[in-house]
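Student: Chain residues, written in single-letter form:
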Amino acid sequence: MTVRIVDRRFDSKNKSSVNRSRFIRRFKGQIRKAVSDVIDRRGVRDIENGEKISIPGKDIAEPRFAHGSGGVREIVSPGNDRFNSGEQFDRPQGGSSGQGGGSAGRDGEGLDDFVFTLTRGEFLDIFFDELALPNLVKRQLEHIEQYRRVRAGYTQSGVPTNINLGRTMRDAAGRRISIKGPYSGQMRVLVAELERLQETVADDDPELERVQGAIARLRTKIDALPFIDPFDLRYNNRIRIPQPSTQAVMFCLLDVSGSMDEERKNIAKRFFMLLYLFLTRSYERIEVVFIRHHTVAREVDEDDFFTSRESGGTVVSSALELMRDIIRARYPSGLWNIYGAQASDGDNWNDDSPLCRELLEHSVLPLCQYFAYIEITEGAPQNLWAEYEKLQGTHPGRFAMQNIGTVADIYPVFRELFKRRAQERL
Amino acid sequence: MTKTSISPLPVGSEWSAEAIAEYDEAIGRVAEAYGLDCYPHVLEVISAEQMMDAYASIGMPVYYNHWSFGKHFLATENRYKRGQMGLAYEIVINSNPCVAYLMDENTLPMQALVIAHAAYGHNSFFKGNHLFKQWTSADAIIDYLVFARNYIAQCEERHGFEAVESVLDSCHALLNVGVDRYKRAPKQSLEKETLRLKEREAYVQAQVNDLWRTLPLHSVSEAVREDQRFPPEPEENLLYFVEKNAPLLEPWQREVVRIVRKIGQYFYPQQQTQVMNEGWACFWHYTLLNTLYDEGGLSDGFMLEFLQSHTNVVYQPPYNSPHYSGINPYALGFAMWQDIRRICEHPTAEDRAWFPDIAGSEWRQTFDFAMQNFKDESFIAQYLSPHLMREFRFFSVLDDDLLGKLQIKAIHDDLGYRTLRQQLSEQYNLGSREPNIQVWDVDLRGDRSLTLRHFTHQRQGLHENFDDVLEHLSNLWGFSVRLEQQSLDGTVETIGERKTERRRN
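These protein sequences, in sequence, are chains A and B.
Each residue of the first sequence is one higher than the one before, counting from 0 in numbering that gives the first Met the number 0.
Each residue of the second sequence is one higher than the one before, counting from 0 in numbering that gives the first Met the number 0.
Because the hints were derived from the structure by calculation, they are not lab data.
Since this is a predicted model, take the numbers as computed values, not measurements.
The beta carbon of each residue, even a glycine, is placed where N, CA and C say it ideally should be.
Treat the hints with care, as some may be off.
To be verified - Negatives, chain A to chain B, calculated, CB over 12 Å:
id	residue
1	D6
2	E61
3	R63
4	E86
5	D89
6	G212
7	K268
8	L364
9	K389
10	G404
Unchecked claim - What follows is a set of in silico ranges between Cβ atoms, one per label pair, in the way DEER data are often shown:
id	chain 1	residue 1	chain 2	residue 2	range
11	A	Q29	B	K498	54 to 62 Å
12	A	Q246	B	P9	43 to 51 Å
13	A	D89	B	Q307	36 to 44 Å
14	A	Q246	B	K197	55 to 63 Å
15	B	D356	A	F88	47 to 55 Å
16	B	A205	A	V17	46 to 54 Å
17	A	P91	B	P355	38 to 46 Å
18	A	F88	B	S15	54 to 62 Å
19	A	N236	B	K197	22 to 30 Å
20	B	R157	A	T405	38 to 46 Å
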């Protein structure tokens, strides 16, 4: 008899996934905090990977009745290398020999942090959990300019190309049968009478003529029934249903003037990355346009965007103008969800700042889903901040600005910027 | 056993179904020659991930869903992926037929080792040992687990999974005080369970209602009841007590309590026979494969790989080693069975003095008797020999918190053997390892509060988390729960209390 060998490798994978997701659900609070700590600590570029998470063990401990410390216990251990009966010695520090009846080991482990690995999906889900761009859903529904045509039954009006022949003929046949019904009855009666008269009376009998006349009139009526009546026509119906645009373009506007040092650029870089990551979760396709500027703005590729050094003064409006022109040329607003993210130290030529506000207000913001501005400065807000502040009141939910001091501020600021607002979800 | 030369078994590290079947047949033949009595078995090949799944649900192929299994899964996965631990070679399920899992990452020699260890070693232990015979029903366990999983899934659909989870949490907290230590558990069967489910729900509810009746039926019996204790005898099985008597539980909640209790009970024998069971399985994989080698069926390369794994498994680090984490049950168990065989086959004068009844006896008979009739505690008390105590260099340390210093009570010498053996046996006594907590009293006429009593042993107190456990208990009980502690001198103090007053809506 040979043994039965069952290959189970290909069935019931991920049997624990239910339990796993329940665990994450149950301790979401702790895990979220741990995720936030992790993001503070390290570069954002790794964010796409899964993450080792550690949450306090005592929060997730499963309590049981067990012996505590104290009392009298006697423990047998192996490997005696120096002891003799009756010897006494001091308690070792740390209690390495204090294996409390087998249960202390388990309890000891329970006090440590519980470490486990989140998959990339789980990590990002928690990261983005309450994160949604303001108005995202709302604006998609309100501002639809893309439609898809789908079939929706039949209508009685339409253009000739949409006539549905099958339906039309079926309805015409029905109509003909229903209208012809009574005439056929009368006709059968008349024909029977005609036959009876032809056998009983003479050919020129007026009665015979009357019946023949009636039959002729009835036949004319039946023949007059149209094979197809306009009433029968059925057209394929197609309706337009709104289709949210699944592509987005993200504009990164970075100030590379002399006053932006390496650290500030780093902060800005993380800010862009976080926004990018968020968009990758919301849209199928995303394009990113990098615009950097000092006194003049230029569109560059990603490497140049962060690495090359420039110096000189600052004219912020140049970047906004370039952004507006690129949108007009390449990203018609109906097809693209447009997001703008601007990072600057806020140091701008004084007479340029009002121009920036106007550009934003009249040219850029109307085209954008959302525009975020961060000012990276530890001191008092600069003149650009003061101008932009005026926009905040007039474009709530579409324009946001934040002041960022250090790297550690980014994550909270990011959440602040893109916080899901309860009333907007209604 | 006659040494016949047999045709060599497949070599190399890649396994195939055919090679495994060949090995199984060869091992089975040798096992039969040794007279091992096993359930029929099925080998199931699974992936590492499935092995972790199985780990998380205590080795069971089907189990109900609960976050704590997810937690175990994450912990296992993390340690495994970081290389901090290898997965156990095997998981074997005490069922009929016995199911042994083979992990697909293992090499052919490892698969053979697992087959010998699990499909023949553990399997014969499950079939022979009296605890497993009495307490678990190998024929019904899988069916029962399927029933439990479906039932709990149904409850989740009907009552929401938060409600079910809350009951499960509380039950899990009471798991180690939810087993019958002395009573025998009745046999389970799927049809019976399903058939009697409805009946039982109605019946239990009626019982409970009767207990909590507020309108007295007869005024005479009322007077008798006044001073009647409830429960009449203290009850050690808290989950059983809750299932039968908690006033406010819904029928489905009672059934969930019952399910957790039943499954807990199923695992109880495993906890009591760890040393024996693992030692037995190690002894047999060692013996079976060596016999096959002697017959000429195994290559030297196979033996080297096998011996390396075997040695790792049965290694006992000394107390002062950084790898030390208590006594390795595999090491102690394997050494004890080897030692018993030695006593039977080549007894010394010392062995004859200590073990007059088994020294020089037929080892297979002695083995079967020992395997069938003992658990860890009694097995060690009966069979730990001075020879082995010397080999392990056992010593016993007395730690009394009233004394300033630790004291060496006994070492492996003539004076110490008996103390050591008794002490080590005590160390495997689940009764003294787990705190002794019993249901003491229920205030039937008053606030319906439940009083537990902890009987201290050697002045050992409770771990400070008992408050959380009380919380869980009062969640099930529905009213206040108190915990008293009775010291050796008979004094009783209340050490914890949870005030709850819940009314059924």
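Student: With reference to the structure, classify each hint as holding or not holding.
Tutor: So, going through the hints one by one against the coordinates:
1. D6: 5 Å, violated
2. E61: With a cut-off of 12 Å, E61/A comes too close to chain B, as the shortest Cβ separation is near 6 Å.
3. R63: 5 Å, violated
4. E86: Its Cβ does come within 12 Å of chain B, the nearest being 5 Å, so this is violated.
5. D89: 6 Å, violated
6. G212: At about 78 Å from chain B, G212/A clears the 12 Å cut-off, so the statement holds.
7. K268: The assertion about K268/A holds, with a minimum of 31 Å to chain B.
8. L364: With a cut-off of 12 Å, L364/A remains clear of chain B, as the shortest Cβ separation is near 44 Å.
9. K389: At about 48 Å from chain B, K389/A clears the 12 Å cut-off, so the statement holds.
10. G404: Holds, because the least Cβ-Cβ distance between G404/A and chain B comes to about 35 Å, which exceeds 12 Å.
11. Q29/A <-> K498/B: 54 to 62 Å: About 28 Å separates the Cβ atoms of Q29/A and K498/B, which means 54 to 62 Å is violated.
12. Q246/A <-> P9/B: 43 to 51 Å: The hint (43 to 51 Å, Cβ to Cβ) is violated, given that Q246/A and P9/B are roughly 58 Å apart.
13. D89/A <-> Q307/B: 36 to 44 Å: Hint holds: Cβ distance 40 Å, inside 36 to 44 Å.
14. Q246/A <-> K197/B: 55 to 63 Å: Roughly 58 Å apart at Cβ, these two residues keep to the hinted range, so it holds.
15. D356/B <-> F88/A: 47 to 55 Å: Hint violated: Cβ distance 39 Å, outside 47 to 55 Å.
16. A205/B <-> V17/A: 46 to 54 Å: 35 Å, violated
17. P91/A <-> P355/B: 38 to 46 Å: For P91/A and P355/B the Cβ distance comes to about 41 Å; the hint holds.
18. F88/A <-> S15/B: 54 to 62 Å: 58 Å, holds
19. N236/A <-> K197/B: 22 to 30 Å: This hint is violated: roughly 54 Å between Cβ atoms.
20. R157/B <-> T405/A: 38 to 46 Å: Between R157/B and T405/A, where Cβ atoms are some 52 Å apart, the hint is violated.
The earlier numbered hints that this structure contradicts are 1, 2, 3, 4, 5, 11, 12, 15, 16, 19, 20.
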